[in-house]
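Enquirer: Residue strings, one per chain:
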Amino acid sequence: MNLTVNGTTQGVESGPLATLLDVLREELGVTSPKAGCEQGGCGACTVLVDGEPQRACLTPVGTLEGASVTTVEGLGAPESLSPLQQAFTHHYAAQCGFCTSGMMLAADAYLKRGGTDDREAIQEALAGHVCRCTGYVKIIDAVAAVARGDSFDMTVTAPSPGMTNLGGVS
Amino acid sequence: MKAVGARLPRYDGIEHVTGRTTYVDDVRVPGTLWAKALRSPLHSATITSFDASKAEALPGVHAVITHADVPLLEYGHLSALGIPADEPLLAKDEVRYKGQPIAVVAAEDEETAMAAVQAIAVEYEERTPLFDIRKAFDGDAPKVHQWGNWYPHFEGEMDRRQIRKGSVEDAFDKADTIVQGVYRPAAIEHVPLETQVALVVPEASGRLTIYSCTQALYFSMGVVAAHLQVPLNKLKVVGGTVGGGFGGKVDTASETMCALLAQKSGRPVKWRWTREEEFLCSSTRAPWHMEIADAVTKDGWILGRKMLTLHDSGAYARFSPYGLTKHSFHHTGAYTIPNLDFDGYVVFTNRVPTTAMRGFGVTSVSFATETHMSRIADVLGLDPYEVRLKNANRIGDTSPNRIVYTDPSTVSVVKALAGGMDVELQPDYAAMTRDPREGDLLPEHLVSQIANPEDH
Amino acid sequence: MTQATEVLFPTSADEAVAQFGDGSGVTVVGGGTIVMPEITYGRLAPTKALVLSHAGLDTLGVSGTTVTLGAGLPVERLAALAQDVKALAECALNVADYEIRRQATVGGNLCAGEGQDAPRGDLQGPLLALDAQARSVGADGESTEPLEDFLGRRAGRLLLDVTFEKPAASAFAAIDYPHTHEYTVLAVTGVRTTGGETRLAATGLAGFGMRLRSAEAAASDPEAAGAAAVGDVSLGDDALASAWYRKRTLPVLVRRVLSELEEAA
Numbered sequence: 001m002n003l004t005v006n007g008t009t010q011g012v013e014s015g016p017l018a019t020l021l022d023v024l025r026e027e028l029g030v031t032s033p034k035a036g037c038e039q040g041g042c043g044a045c046t047v048l049v050d051g052e053p054q055r056a057c058l059t060p061v062g063t064l065e066g067a068s069v070t071t072v073e074g075l076g077a078p079e080s081l082s083p084l085q086q087a088f089t090h091h092y093a094a095q096c097g098f099c100t101s102g103m104m105l106a107a108d109a110y111l112k113r114g115g116t117d118d119r120e121a122i123q124e125a126l127a128g129h130v131c132r133c134t135g136y137v138k139i140i141d142a143v144a145a146v147a148r149g150d151s152f153d154m155t156v157t158a159p160s161p162g163m164t165n166l167g168g169v170s
Numbered sequence: 001m002k003a004v005g006a007r008l009p010r011y012d013g014i015e016h017v018t019g020r021t022t023y024v025d026d027v028r029v030p031g032t033l034w035a036k037a038l039r040s041p042l043h044s045a046t047i048t049s050f051d052a053s054k055a056e057a058l059p060g061v062h063a064v065i066t067h068a069d070v071p072l073l074e075y076g077h078l079s080a081l082g083i084p085a086d087e088p089l090l091a092k093d094e095v096r097y098k099g100q101p102i103a104v105v106a107a108e109d110e111e112t113a114m115a116a117v118q119a120i121a122v123e124y125e126e127r128t129p130l131f132d133i134r135k136a137f138d139g140d141a142p143k144v145h146q147w148g149n150w151y152p153h154f155e156g157e158m159d160r161r162q163i164r165k166g167s168v169e170d171a172f173d174k175a176d177t178i179v180q181g182v183y184r185p186a187a188i189e190h191v192p193l194e195t196q197v198a199l200v201v202p203e204a205s206g207r208l209t210i211y212s213c214t215q216a217l218y219f220s221m222g223v224v225a226a227h228l229q230v231p232l233n234k235l236k237v238v239g240g241t242v243g244g245g246f247g248g249k250v251d252t253a254s255e256t257m258c259a260l261l262a263q264k265s266g267r268p269v270k271w272r273w274t275r276e277e278e279f280l281c282s283s284t285r286a287p288w289h290m291e292i293a294d295a296v297t298k299d300g301w302i303l304g305r306k307m308l309t310l311h312d313s314g315a316y317a318r319f320s321p322y323g324l325t326k327h328s329f330h331h332t333g334a335y336t337i338p339n340l341d342f343d344g345y346v347v348f349t350n351r352v353p354t355t356a357m358r359g360f361g362v363t364s365v366s367f368a369t370e371t372h373m374s375r376i377a378d379v380l381g382l383d384p385y386e387v388r389l390k391n392a393n394r395i396g397d398t399s400p401n402r403i404v405y406t407d408p409s410t411v412s413v414v415k416a417l418a419g420g421m422d423v424e425l426q427p428d429y430a431a432m433t434r435d436p437r438e439g440d441l442l443p444e445h446l447v448s449q450i451a452n453p454e455d456h
Numbered sequence: 001m002t003q004a005t006e007v008l009f010p011t012s013a014d015e016a017v018a019q020f021g022d023g024s025g026v027t028v029v030g031g032g033t034i035v036m037p038e039i040t041y042g043r044l045a046p047t048k049a050l051v052l053s054h055a056g057l058d059t060l061g062v063s064g065t066t067v068t069l070g071a072g073l074p075v076e077r078l079a080a081l082a083q084d085v086k087a088l089a090e091c092a093l094n095v096a097d098y099e100i101r102r103q104a105t106v107g108g109n110l111c112a113g114e115g116q117d118a119p120r121g122d123l124q125g126p127l128l129a130l131d132a133q134a135r136s137v138g139a140d141g142e143s144t145e146p147l148e149d150f151l152g153r154r155a156g157r158l159l160l161d162v163t164f165e166k167p168a169a170s171a172f173a174a175i176d177y178p179h180t181h182e183y184t185v186l187a188v189t190g191v192r193t194t195g196g197e198t199r200l201a202a203t204g205l206a207g208f209g210m211r212l213r214s215a216e217a218a219a220s221d222p223e224a225a226g227a228a229a230v231g232d233v234s235l236g237d238d239a240l241a242s243a244w245y246r247k248r249t250l251p252v253l254v255r256r257v258l259s260e261l262e263e264a265a
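Residue numbers (the working numbering), protein chains in the order written: chain A, 1 to 170; chain B, 1 to 456; chain C, 1 to 265.
Hints should not be assumed to be uniformly reliable.
[What the hints assert, rightly or not] Calculated from the model, a selection of chain C residues having no Cβ within reach of chain B, i.e. all distances over 10 angstroms:
id	residue
1	Thr-5
2	Leu-8
3	Thr-47
4	Glu-263
[What the hints assert, rightly or not] Here are the computed lysine to aspartate or glutamate pairs in the EDC-like style, where the Cα-Cα straight-line distance is at most 20 angstroms:
id	chain 1	residue 1	chain 2	residue 2
5	A	Lys-112	C	Asp-238
6	B	Lys-2	A	Asp-153
7	C	Lys-48	B	Glu-111
8	B	Lys-236	B	Glu-444
9	B	Lys-390	B	Asp-343
10	B	Lys-98	C	Glu-76
11	C	Lys-48	C	Glu-38
12	B	Lys-143	B	Glu-87
13	B	Lys-98	B	Asp-109
14	B	Lys-98	C	Asp-238
15	B	Lys-326	B	Glu-111
16	B	Lys-298	B	Asp-407
17	B	Lys-390	B	Glu-370
Hints listed in this document are in silico derivations from the structure and should not be mistaken for laboratory results. For glycine and all other residues, C-beta sits at the position ideal for the given N, C-alpha and C.
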């Protein structure tokens, strides 16, 4: 079968029940989607299939004839980062970075379907994505910032709100 | 200093958002074999028979390793800190925890590796496991470990971490009330998004290139070298971005297993744990059992503390004696208590061995101490901020292990908490500082610790 | 990765039925959310996989008061029934997260075997309370039967669709195990039909979802109904919660659902 990944169509040798995750990582060398659990529980493998976020570890590749897959490499390259990529960098939304790929693609789809900066709505959209490092706040900050149309100074990170309001620190 | 206080972007931030960060599982070396482990299905058993011949004969299987393949089977991760070796890299005659690795195979692909593991024939004779650290001291408790049920090799061959300061008996005599509490935090899984993974490449020179997710690269290098009995210059360890560790990727053994498989097969070998292995077989933060009895006055001074800690080390020692040691130094938390009687035991059970996790050893006792401070306030009918501020460490106070505090932050932190919670402190409490104790803040029971810190 | 001998992608319901045959040796793949991890972890090695992604079974049909859900309908699409069948939509939107819901199917949710460590089949609750009729094929040909009966013999059957009548009112109450996406520990659905009958069903039990018939008989007295519900079910310990916990919370959910139905009157 043929699979279009980030705009390039290529032939796939793996059998139809191979997971899209294994096809991307092992056969096609696209390693940004991660094997966080291989059970659909963590969201680290999420890619876009025809623009909609989907768990690659749960998807038999045979169901994707003619489909277009987008991974985080397809959002933008270092020299031309998308607003979402800039926001994640500026708002320090990635620490170890392992959840970042899936997190960003889910966020990208959310924004493209008209998602606003409402924090609960963002949380609901990203509900399937586990992050063990950041505590999620800055991820939500980043997505909200893009929804608002903020622009990002890439030379500095955003200040953390609410950290300096404790009284009496000597 | 230009960096401190500046809001600098991460040097790997752009790699993260463009999918270019290379984790161990992203490294591609042609000819890499997949590893899978045979793990004990039982909590405690002797191995009565073992036969890997069918696995070795399966097409696509390139190597199987067992304890017999390990040049130095037992190596103490912290032997340099005086903790002797106790754990075999691969189980030999017995298994002491469910999930303990017995053999590891390397095969052409993941499916073949899984089939090979299934093809290994093992027979066990089950034994009664021990799970409750409190029962470890019973005469009829199952014997878990060759050293007995608790670690006996603290300095001077003591079987516990012991701290004695002043006289807890006097403190209990003088107390208006004794406040008791038992605290039992449970085990916690690290759950890094990246599961444990290692890739080892045998080079033509005879060296091994090791890609590891370890948090402690040089440490792991030493562990591999010791088990393989090779000089360090035979190993090239490539660290890099770890997909979350939180302390759970310090005691990794997967590099060593892959190194042995790489040597035996002559091929690069990768072992990526599944999420189920992470949850069921990876080391966790330890469960603890802590009993505290504080001698207190009715106006909220803590005269003395008697404390017993049991730390669940699981089936082997790993870093537990070190964790308990840190715990013991911090057992009064952010507060000054001059009369102490502390005993801490590292107890063995048939659980997955426990390991470091953020704040190793100390988060447990911080939880216990803080909860206990609130309990004291509750029992005495006093304000919980005031009880804390009175007993807070000040310049010149001493720690459980006789360190004189020069820079304690308890007072400012408690006051900041009150501010953040919109709690208005009484004026004399709001005015407190960390300056050396005097006047009302230097009651009789604290005088001698200030005067003779070395005796206290 | 699998060495399945045969992977079939029927492009119509008829083709799916023909390829399913009598079902022997066939592994049905709806969305893949339940089956694919079993294959990945080596617990399932299908010799013949019937993948329904393109079989045209992803239909949601409303004809007057009759609603028909195709077995291949993604769970997320049940949001469209929020007005007419509130409990079903709420239950569906409580399953996992947006991505899983878009891939998981009604059929998979109803037909998946009991989970090893946690209950499965959230949709069984509302559909039992709605007294849905399940249409399936298998060794003895096509049959339509109450979902309750189908659940007892779903192995070896290919579910095609479920049909029910729109209720006068419905209510859904659940206890979730908190997570980034939640797992349902226990849930109760209540339905009041246009004819005035009250039906109750629960999921999160030992085994598949069940009607709470004793509770239904006492529906006019929520306290009594809650107490009676415990006798209708078998409860178990699992990774999410203990039987003890479920025994104490089941009456609470029953009372909540009955109160909500009362208010909707």
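Enquirer: Which of the numbered hints above does this structure break?
Expert: 5, 8, 9, 10, 13, 15, 16
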